[in-house]
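S.K.: Sequence:
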Amino acid sequence: MNSTKSPLDLWLADIASEANDQDETWDPGFDGSRRLVVAKLGPYRKAFPRPQAFTPRFYHRVYQLPVEDWSLTCRAELYGGFCSLEINLTIHFQASIHYAMTHLETLPEINPYIKKAYESLVRDVIDQEIKKLDDGEWIESGLAPIEKRIQTQINETLITQHIQCRALCSIQPSFADVAQSQNLNNSFAREDIYLKIQKKNFEFKERQNRESLRQQEEQERLLIEKRNRETELKIKEQALESESNLRLLEEQERQITEQFSLEERLYMERVRHQARLQELEQETQRELQRQQLAKQLETEQRLQEEKLKHQQLLKEKELAVELKQFEEQQVQWNAAKERMQQEKLKQEQRLKQIESEAERALATQKQSEAQKLQEKLHAERLQHESRLKEMELAMQIEEQKKRYEATQETSEYLRRDIELLVLEKRRNEMIQAARKAKQSTDQATRELPLNSDPE
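So for the sequence shown, the numbering used here puts the first residue at 1; every next one is plus one.
Heads up, simulated EDC-like pairs for lysine to aspartate or glutamate below, C-alpha to C-alpha not over 20 Å straight-line:
no.: 1; residue 1: Lys376; residue 2: Glu355
no.: 2; residue 1: Lys401; residue 2: Glu390
no.: 3; residue 1: Lys317; residue 2: Glu327
no.: 4; residue 1: Lys132; residue 2: Glu156
no.: 5; residue 1: Lys317; residue 2: Glu305
no.: 6; residue 1: Lys402; residue 2: Glu318
no.: 7; residue 1: Lys352; residue 2: Glu385
no.: 8; residue 1: Lys116; residue 2: Glu156
no.: 9; residue 1: Lys116; residue 2: Asp69
Just so you know, the hints here were simulated from the structure itself, not pulled from any lab data. Since we're looking at a predicted model, the values are computed, not measured.
Based on the sequences and whatever the hints tell you, model everything.
M.R.: Here is the structure:
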């Protein structure tokens with residue numbers, strides 16, 4: 001048998017690939033997180049699937065049930081060695097919870113146990129399907145239906161044993177060289193198979209020859225078209241070159257004419273430009289003079305405004321100083337007024353003390369002494385009132401003077417107010433003097449009967 005593939009092998013491979021594209025996908029329902037928990041406590045043992053929220057105890061043991069790949073390769077011969085088949089089988093399998101619970105003793109090595117236990121069963125399925133190829137119908141339809149049947153049989157066989165799986169089967173046929181078919185085993189007496197194979201070989205070669213002839217004709221056609229395009233391109237290039245030379249001559253003539261007119265136009269433009277430059281220069285000088293005059297006026301106006309602002313700022317500062325001085329004087333006046341009030345309170349307390357002494361004296365002494373004390377008390381009161389009045393008038397005069405100094409605009413009014421206060425002070429002094437004179441006369445009249453002896 002030859003190592004290279006025959007045309008029939010290639011044809012069968014094409015049919016198999018087309019059929020595989022149309023297969024439906026078998027979904028076994030694998031679970032990558034499948035676990036089985038075995039609880040063993042003394043002679044008691046219990047198995048159950050691992051819950052989602054599970055905390056293992058010392059008597060628990062968790063076994064993983066992983067998805068594993070199982071590869072098998074089988075070889076078979078048909079028609080007395082004229083056809084050899086290589087069957088490549090890949091099985092993705094996973095033990096179900098039911099299978100694991102019924103085979104607890106194999107849990108540590110459950111997947112190797114499954115391979116060892118079911119390998120003969122899988123090979124028997126393959127052998128049963130390969131025997132169906134003896135009729136030679138697969139030569140017309142390909143091996144894809146056989147591959148699909150093997151996959152389905154294996155899936156169904158293992159799923160009945162509670163083993164989830166997905167089987168993938170690939171069969172590669174190879175045939176002995178047709179020219180050496182006389183050297184085959186004498187048991188090969190299937191002339192119909194041989195004729196089918198030769199017919200397929202002939203049809204495949206015919207198709208290859210037609211395809212190669214078509215490709216050769218297509219290449220020749222493309223080559224002729226390429227040469228025709230190159231010839232047309234050369235003709236077009238020559239025509240374009242001639243046209244380009246003609247346009248170049250016309251362009252040179254046009255450029256010479258345009259150059260002459262351009263030089264004339266440039267000369268006129270230069271003359272107009274010089275005249276325009278002179279006008280712009282004169283206009284610029286006039287504008288510069290106007291700008292300088294405007295800047296000078298603006299500068300003078302800004303200086304005048306700054307001067308006025310400076311004078312106003314000085315006045316504001318002077319006014320602030322005067323206000324501050326007035327406030328300080330007002331504070332001093334308030335302090336003096338407060339001291340006068342305290343002095344007044346002290347005088348009143350002293351008068352009250354004198355009155356209490358007079359009352360006590362009146363209770364123990366004679367009427368004359370009481371009368372003297374009353375007179376003394378009255379004199380003290382008058383003197384105290386006069387002194388308080390003088391102090392108030394002095395403070396008012398001082399306050400008016402300070403106000404006069406703070407605000408010069410009301411100087412005349414303050415001067416008259418001060419004169420009125422002075423007159424008021426003199427009037428009070430005269431009243432006090434009249435009261436004293438009246439008091440002395442009254443005292444003299446009261447002393448006369450007190451000093452006379454009783455009859």
